[in-house]
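S.K.: In the order they appear, the protein sequences are chains E and B. Everything in the first sequence is counted per the working numbering, starting at 36 for the first residue and increasing by one. Everything in the second sequence is counted per the working numbering, starting at 36 for the first residue and increasing by one.
Hints are computed from structural coordinates only; laboratory data are not their basis. Be aware that one or more of the hints could be misleading.
Note: identical chains are not told apart, hence a pair may lie in one copy or across any two.
Unchecked claim - Straight-line Cα separation of at most 30 Å, BS3-like style, residue types lysine-lysine; simulated pairs:
id : residue 1 : residue 2
1  : K430      : K40
2  : K155      : K44
3  : K155      : K69
4  : K69       : K276
5  : K112      : K44
6  : K133      : K182
7  : K69       : K133
8  : K430      : K447
9  : K69       : K162
10 : K378      : K135
11 : K40       : K89
12 : K420      : K44
13 : K162      : K378
14 : K162      : K264
15 : K155      : K40
16 : K135      : K348
17 : K292      : K135
18 : K162      : K348
19 : K264      : K47
20 : K131      : K112
21 : K276      : K447
22 : K276      : K264
23 : K133      : K264
24 : K133      : K348
25 : K112      : K56
26 : K182      : K135
27 : K56       : K155
28 : K47       : K69
29 : K290      : K155
30 : K182      : K155
What follows is the residue order along each chain.
There are 2 protein chains.
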Amino acid sequence: MRLSKLFTKTSKTTPADETAKNAQLLIQAGFIHKEMAGVYSYLPLGLMVIENIKAIVREEMNGIGGQELIMSGLQPKELWETTGRWSDETVDVWFKSKLKSGAEVGFGWTHEEPIVETMKQYVDSYKDLPANVYQFQTKLRNELRAKSGIMRGREFVMKDMYSCSTDAQQHEAFYQATIAAYNRVFERVGLGIDTYVTFASGGAFTQFSHEFQTICDAGEDIIYINREKGIALNEEVLNDKTLADLGVGRDELEKVKSAEVGNIFNFGTQKSEQMDFAFTNEQGERQYVHLGSYGIGITRLMGVIAEKFADDKGLVWPESVAPARVYIARLGDDETVTAEADKLYTLLTANGVSVLYDDREVRPGQKFADADLFGIPHRIIISEKTVAAGTFEYKSRVSDTAEAITLDDVGKMLGLSTSQLL
Amino acid sequence: MRLSKLFTKTSKTTPADETAKNAQLLIQAGFIHKEMAGVYSYLPLGLMVIENIKAIVREEMNGIGGQELIMSGLQPKELWETTGRWSDETVDVWFKSKLKSGAEVGFGWTHEEPIVETMKQYVDSYKDLPANVYQFQTKLRNELRAKSGIMRGREFVMKDMYSCSTDAQQHEAFYQATIAAYNRVFERVGLGIDTYVTFASGGAFTQFSHEFQTICDAGEDIIYINREKGIALNEEVLNDKTLADLGVGRDELEKVKSAEVGNIFNFGTQKSEQMDFAFTNEQGERQYVHLGSYGIGITRLMGVIAEKFADDKGLVWPESVAPARVYIARLGDDETVTAEADKLYTLLTANGVSVLYDDREVRPGQKFADADLFGIPHRIIISEKTVAAGTFEYKSRVSDTAEAITLDDVGKMLGLSTSQLL
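Bound conformation, chain E alone (with noise of 0.2 Å):
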């Protein structure tokens, strides 16, 4: 994408507003708009890297047999009220509102009523086991605060998938698996190093649930870690029994800030039996379906992301979810320069190769400037200096050197083979 057709402007000042960095490095690099408190636009590159997060955690739900589905966020009164979670006693984060005949409506917060409600009519036989659907949905919460960005929103987008299984063992199956897939999803978006499966207290089917805790300073948890033993609790369930458990000592943990990048839980057969889900088993008898929920909050683990790699400098993208791979910054207006960083703008992204190319008319340092806000993992420099030199200037964003590098190296380092070069 060319920079002089972006419609976006970087901003030096710090948005008053806004306490979190996330949301204020955000905003000044022009990837979201705040419109209220805990509520954000994604303007176009924003919402690039929300799609590349997507496309990561889509892949991985995929490759463990999920099934791809959109629910509505409008619900019934009737249906939650079948569960006990109508009440805004029990659940005090319902937006709600009214049909013109003065029906009761709901703002989906949660789908674990309507998915049970759907797969009722798809489920009658354990041939039919194990179903196991997920969605990428905007989940609206009334939310007394929010303060931390996109990191805790009023409205945000969350993938939640939900199991349906004929017995423990099935569910336990997939959710391992799910445990899997998120490794490899945090693994992929650069945070795997420091996100840990975090023991939690149970419900009434198991001893413990898990989360999956990023470290992160401006994370709202508190999680006890110990990194080379790869062990993390969070506090309701630091008592000896756990510890004996894991076999860990209360002495060798560490205690640190994270953010809940993921959740999964286990809802045994509680729910099919409020709301009658139930198959017929191998024996002709009717059963009720054993049903799990794992949810990753797709634009909080984006703030998770921001928080953590930026620098003094700005946002610091990992590779696979930078709104561009490349940064190509045209220095002057040069007819030679033009050319060549047009040649390299379009041999780049013919071959796949994302590229914000700024052929801005500014000074260079506004381009540099900008470069490092966006956070481009790679930046390449082309002026009447680096044509004369038959080289580009390369830097990458988590370096303070430049380089001279050749067209060979520019391929080498985004996997590009020699043919495509040509």
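With chain E held as given, fit chain B onto it using these hints.
M.R.: Here is chain B on its own, set in the frame of chain E:
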């Protein structure tokens, strides 16, 4: 996708609470699930149709310089009060709710106001214009009645685009480019021949506005067309002056039912004045921005396509939007038959051809019926008979006759090269 893995099932029963053919068929085929009147979830096959339509629209919007973003559903009251569109007397489709603080919020039913508010931040000079942005957004509208299935929902997906221009001339250029792009969209989704740019009454700024109307018995509109001259107008502007302007006589017009699949609107500078959206022109003077808005109802379009092409056997999708291009039905579970069917499935998917592979253990009649109900363009049967003959049995969804074809024929039909078939 293997049908044995798909969790949805087809139904022979027409849903009793649906009067619209599109909803009836889409529910029976397992493409959508009704959550409440006018509110549907999109199950895997339905979501694929939506995504195919979106991909076409996205390509055409990018082609005319549209930049994709995504606005929030939640909308603050104050913003909409600036244009007088918060009031329920002016706008009767708002869903509204309250934050914990007591502040009122609405749920976006269109997005001119927040778009202007966002663009104000980035547009300052004539050099920043034109700027054209669009989104695929889930709109909520508190419709009094919702009886047309997905053709008029209380929750629906819309592509809405907004243009910001320096003056009437710049606006007009983009307006015309959009008309051309919309025509390409409707052409590509198979509705070209029956979709008319329809003259409707203009606002303060133009003699006419334009609607894109598709001839459709289930539509809620009436238009007057001349097929030969490619002229259409609606009742509002059906008068002698318009007829003279358009060069068509009253007796040359045919009255037809139609569905509005797209609309484009020139706001002139009205909304910019209300919201103080201005720029500095080349002479250093502050001027108001010319605004346009351009909608395509994505889910409505899907409904119209379903309505128009369906026959007594079920849905009929144009290849461009079908959930899969090919339906492979394997008859029986003979080892050689299974091997041949698996092989064709693998070959086609490896070459980027989307396939629904009916590998279920159900009787042939059910497979034929489902292939028809799903509306997949190309049906290929693999049985002991076809394997013995070294051919495939092929039937187009819109034909009654099956024929024996070779692998080469399959390749030609799907646009694959000979080397791709090896």
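S.K.: Under the constraints set out in the numbered hints, which ones does this structure not fulfil?
M.R.: The structure breaks hints 4, 10, 14, 16, 19, 21, 23, 24 and 29; every other hint is satisfied.
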